[in-house]
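Trainee: Sequence:
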Amino acid sequence: MKVAILDMYEGVPNEGMRCIREILAAYAVRHSLVLQCDEYEVRIAAQVPDLSYDIYISTGGPGSPLDSEGSEWEHRYFGVMEALMKASKPVLLICHSFQLMCRYLKLGNVCRRRSPAFGVFPVHKTTAGEFEQLPDPFYIVDSRNWQVIGLDHARMDAIGASVLALEKERPHVPLERAAMAIRFGPHMIGTQFHPEADATGMRMYLLQKEKKDQVLTNYGAEKYYSMLEQLSDPDKIMLTYDTLIPAFLNNALSIQS
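Numbering (the working numbering), first residue to last: 1 to 257.
Simulated from the structure, these hints should not be mistaken for lab results. Where is the CB? At the ideal position from N, CA and C, for every residue including glycine. Fair warning: there could be bad hints in the mix.
[Said to hold, decoys possible] Heads up, simulated SDA-like pairs for lysine to any residue below, C-alpha to C-alpha not over 20 Å straight-line:
| hint | residue 1 | residue 2 |
| --- | --- | --- |
| 1 | Lys-223 | Tyr-205 |
| 2 | Lys-125 | Met-156 |
| 3 | Lys-106 | Phe-78 |
[To be verified] Here are the computed distance ranges between Cβ atoms for each label pair:
| hint | residue 1 | residue 2 | range |
| --- | --- | --- | --- |
| 4 | Leu-66 | Gln-36 | 16 to 24 Å |
| 5 | Ser-52 | His-124 | 21 to 29 Å |
| 6 | Tyr-225 | Ala-45 | 34 to 42 Å |
| 7 | Pro-174 | Leu-33 | 44 to 52 Å |
| 8 | Gln-36 | Ser-71 | 27 to 35 Å |
| 9 | Asn-251 | Gln-36 | 15 to 23 Å |
| 10 | Lys-209 | Phe-78 | 36 to 44 Å |
| 11 | Lys-86 | Tyr-225 | 44 to 52 Å |
| 12 | Asn-145 | His-124 | 19 to 27 Å |
| 13 | His-31 | Ser-232 | 36 to 44 Å |
| 14 | Glu-22 | Ser-143 | 12 to 20 Å |
| 15 | Lys-86 | Leu-253 | 17 to 25 Å |
| 16 | Glu-222 | Pro-174 | 17 to 25 Å |
When you get a sec, could you build the whole thing from the sequences and use the hints?
Mentor: Here it is as structure tokens:
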């Protein structure tokens, strides 16, 4: 199993890379596969992989998905994404990568949220049926200032894209529900949330004094302790972690065999 990870974190410390590495290593052991995993620093070094890999995972990352428009690294990044779509290579786009691809393909309005989303939230599946192994709703780790709304359904139909999941229902809030997952093509899917987030690691991360103080300051005690409690629920983040990326890997390898 040959995997390329496109690191979009721009040198910022994060949990995402660790989580992705651990999921891939565990999957390879479980299925008795030899794993080759190469990482590409996209936003600082403008590194992109060739088309020789079985699977491509493009990570989340910090900052605005709008400000990089026209940059050299983005030009190279979208070049390889176009090539991967034409070659029908399996690609998973996470958070920042998801937002970039929505902007590039002109699928909707990529804009700043009225307030940051941070915590464990339910998301609802659509009839597209991509996540049949997960309940409706299923629970995700969300950490973002940006969203994709105002989808252009005619444009999506034209390129064969479909919405796979939507933000939680909020009947009392008169705001459009953001897209939380999209199939961009036959073998390219993207999630606005972080399917790689592991409950145990996140819990340890949130218990660190610096991170705890940051969350308490920015979001309050109720949000902090609610998140810790939900991370311990086996039917929430643990289930999404155990299901979503392994299912993507199963599908990716099945089309190669």
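Trainee: Could you tell me which of the hints above the structure violates, numbers in ascending order?
Mentor: Of the numbered hints, 4, 5, 13 do not hold.
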